[in-house]
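*Asks:* From first to last, the protein sequence lines stand for chains C and D.
Residue numbering for the first sequence follows this note's numbering, beginning at 1 and increasing consecutively.
Residue numbering for the second sequence follows this note's numbering, beginning at 108 and increasing consecutively.
Careful, some of the hints might be misleading.
Derived CB-CB ranges, DEER-like [what the hints assert, rightly or not]:
| id | chain 1 | residue 1 | chain 2 | residue 2 | range |
| --- | --- | --- | --- | --- | --- |
| 1 | D | E170 | C | P18 | 25 to 31 Å |
| 2 | C | A1 | D | G108 | 27 to 33 Å |
| 3 | D | K121 | C | G66 | 51 to 57 Å |
No wet-lab data here; the hints were simulated from the structure.
These figures come from a predicted structure and were not determined experimentally.
C-beta atoms are modelled at their ideal positions from N, C-alpha and C, and glycine is treated no differently.
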Amino acid sequence: AQRVTQPEKLLSVFKGAPVELKCNYSYSGSPELFWYVQYSRQRLQLLLRHISRESIKGFTADLNKGETSFHLKKPFAQEEDSAMYYCALQGAQKLVFGQGTRLTINP
Amino acid sequence: GAVVSQHPSWVICKSGTSVKIECRSLDFQATTMFWYRQFPKQSLMLMATSNEGSKATYEQGVEKDKFLINHASLTLSTLTVTSAHPEDSSFYICSARDPRTSGYEQYFGPGTRLTVT
């Protein structure tokens, strides 16, 4: 079975502070992992995919197979980063989402 | 990037009636589309995978006679909620993969809010 766990429902940090949104997964195969973001009143959109090893809007995420984690990080949070963040795992048949973390950046 | 649209964006219907929601891929052809349901302050739950020209694949616990999915063309999938009841009120979201990309990422529509009175 495939499962994605985001332990924090809510995360609040001050502008300029580092941010880390945690994601752990459970999957017997070779996972393909994503971070999706949903800004207020907007659709869900892809932020990062692990195979690309890219940095988008200052965010990075590294797949750690030993710890089965795919945490999302940003060194200096900005107010426009406030949004709902979902970690997702593409298994053999479907995309499974974590419960999401609502990130609030305080001025 | 790939764009997916949904129509309507919100709908209110009376209990016992049926409602159809459309999902379109605007700038690409999607052989596979996905339908999700999202309850307030909860994550997305996959309801079914819609395959062009064939029957949809439903997730466990999803009533296929209640949630009818039709994928008649490469750019259109429809979800019909039949004999809707208040407990069917939810946010329904569709997505599609862009075959022009090599990855498995999905592109999401803006969602349809269904309220059954």
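*Asks:* If a hint holds in the structure, say so; if it doesn't, say that too.
*Replies:* Each hint tested on the structure:
The hinted range of 25 to 31 Å is not satisfied by D/E170 and C/P18, whose Cβ atoms lie roughly 46 Å apart. Checked against the given bound of 27 to 33 Å, the beta carbons of C/A1 and D/G108, roughly 31 Å apart, stay inside it. D/K121 and C/G66 have their C-beta atoms about 54 Å apart, which keeps the hinted 51 to 57 Å range intact.
Checked against the numbered hints above, the structure violates only hint 1.
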